[in-house]
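S.K.: Sequence lines, in order, name chains S and R.
When the letters of the first sequence are read in order and numbered with my numbering, they come out as residues 2 to 308.
When the letters of the second sequence are read in order and numbered with my numbering, they come out as residues 5 to 197.
Think of the hints as simulated: they come from the structure by calculation, not from any bench.
Predicted model only: the values in this text are computed from it and were never measured.
Worth double-checking, as some hints may not be accurate.
Cut-off 30 angstroms, straight-line C-alpha distance, at most; resulting in silico cross-link-like pairs (DSSO-like, lysine-lysine) [stated by the list, open to error]:
1. S:LYS33 with R:LYS98
2. S:LYS33 with R:LYS21
3. R:LYS19 with R:LYS98
4. S:LYS304 with R:LYS19
Short, incomplete list of chain S residues facing chain R, as computed with Cβ under 10 angstroms [claimed, not checked]:
5. LEU34
6. ALA36
7. LYS55
8. VAL62
9. ALA212
By construction, the Cβ of each residue, glycine as well, lies at the ideal position given by its N, Cα and C atoms.
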Amino acid sequence: MSTLTALMALLFFPGGLIILLVGLAYEWADRKLVARFQNRIGPRWFQPLADIVKLLAKEEVVPQGVHPGLFVTLPVIALSGALTAALYVPVFGLAPSYSFSGDLIVTVYLLSLLTLCTGLAGANTLNRFSLIGATRTLTQLFSYEAPFLLALLGPALAAGSWRISAIADYGADRWLILAQPVGFVVALIGLMGKLELPPFDAPEAETEIVAGALTEYSGRGLALFRLGKGVELVVGLTLVAAFYLGGVANPIAFFAKTLALLGVLAGLQSLLARLRIDQTVGLWWRYGTILALVQFLILIVWKGLAA
Amino acid sequence: MTLKLDQSWQAALDKLKTWARINSPWAIHFNSGSCNGCDIEILATLTPRYDVERLGIKLQGSPRHADVLICTGPVTRQARDRLVRIYEQMPEPKFVIAVGSCALSGGAFRGCYNILGGVDQVIPVDVYVPGCPPRPEAIIDGVVKLLAKLRGADPSDTPVVFDPDSAGEAAILAGEDPVEGPAHAQQEEEAIA
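Let's have the full structure, built from the sequences with the hints guiding it.
M.R.: As structure tokens, this is what we get:
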């Protein structure tokens with residue numbers, strides 16, 4: 002692939018600009034659905050875009066006591082990690098722009114970059130709320146990351162490949178949600194933990210710790226973190242839909258399946274109250290990981306018997 | 005580092021910025037010594053019944069994320085430094101709405117030894133919302149007047165928000181008081197229900 006097409010893929014389509022806009026649209030759909038579940042009218046369709054443009058046009062305050070270089074670059078790294086992850090997953094039902102053996106692991110780590118940067122951004126400031134938020138963000142990272150990875154490895158094991166496109170092709174023929182229901186639930190709830198959606202929003206609990214790790218961020222930095230979260234929402238939904246819901250072979254299937262998943266996420270968000278951070282850790286390690294491991298074991302035994 | 009742009013591009017960019025600011029006012033709420041009456045009305049404004057998220061208004065915890073400081077109560081000597089600090093923590097451009105009689109002038113507490121007076125004694129205020137306490141409709145109207153000011157329009161020209169059938173204008177034409185008039189109040193209840 003020439004440099005020009007690679008740049009196009011990275012900056013415009015399917016990565017870059019388009020996925021940023023789709024991320025904003027999905028954020029709107031999420032907010033609107035939650036509002037409707039709460040018997041409200043909800044935001045207008047351009048609301049996330051207006052939020053981002055306003056934040057980008059605002060002054061960025063660099064508080065005292067931070068490392069200015071880190072303060073400025075962390076949001077950029079977070080967003081670029083999420084955008085790079087979009088190149089390896091079949092967004093919009095197209096084949097991934099890049100593919101190599103083991104890109105599943107790379108994608109999962111690229112998706113964690115946003116959380117890591119959020120944690121570092123919180124630890125970078127002297128603000129006590131940021132510090133508590135950063136601690137909680139990183140604690141939550143350690144609690145959901147293992148089960149989420151295990152839940153994505155289930156289909157990988159069934160397909161016998163670590164390449165996302167190969168797993169997606171394998172998943173396109175059969176609905177793996179029927180064969181691996183536990184993996185699907187763990188992956189979906191892991192995605193909620195990753196995006197810090199309720200009930201896993203203890204890291205940014207505005208009723209306790211102001212705004213968590215991003216308390217000191219204003220303007221551009223906050224806008225980039227929010228954009229990164231939108232992209233991660235799309236990428237995560239794509240991964241789960243491609244692996245468990247019979248693949249995303251064309252754009253219609255992509256939007257139908259990811260939006261259906263988003264509806265489930267929004268329903269869970271408005272249904273459940275916030276968990277304490279120790280409850281979050283307990284939930285993931287006592288139930289999520291154990292159940293995912295049991296299913297993993299059954300898969301291995303099944304594979305061994307079939308072979 | 006400022007980028008010099010062509011005149012028309014600059015105008016378009018300013019227009020986009022103003023549009024975004026008008027459609028996404030994030031608020032932070034500060035009580036500088038209020039009796040909590042106005043604070044409860046502000047919380048009522050944020051409930052699903054009024055659903056200010058459809059106007060893009062969101063309550064933020066951190067002053068760094070906020071555009072609009074909604075301030076209630078007279079400024080006590082104790083709260084003065086905190087109010088100034090919160091105001092200075094907000095990034096530009098920032099706006100202040102003073103809610104309630106006390107925030108306007110000190111209200112019932114005016115002249116007390118521990119009171120400095122209204123919010124405008126300490127920080128610049130953009131919009132005043134009178135009332136003891138003001139109704140949620142009045143608070144939303146205050147925000148809308150602020151947004152009209154941002155747009156460059158005369159704030160006194162803005163229509164009443166919770167008045168889809170322009171009952172307020174009809175009341176004025178009929179010689180009734182648009183706020184206290186019985187016809188308006190009834191219409192309002194219907195509009196909300």
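S.K.: Going back to the hint list, which numbers does this structure go against?
M.R.: 4 and 5
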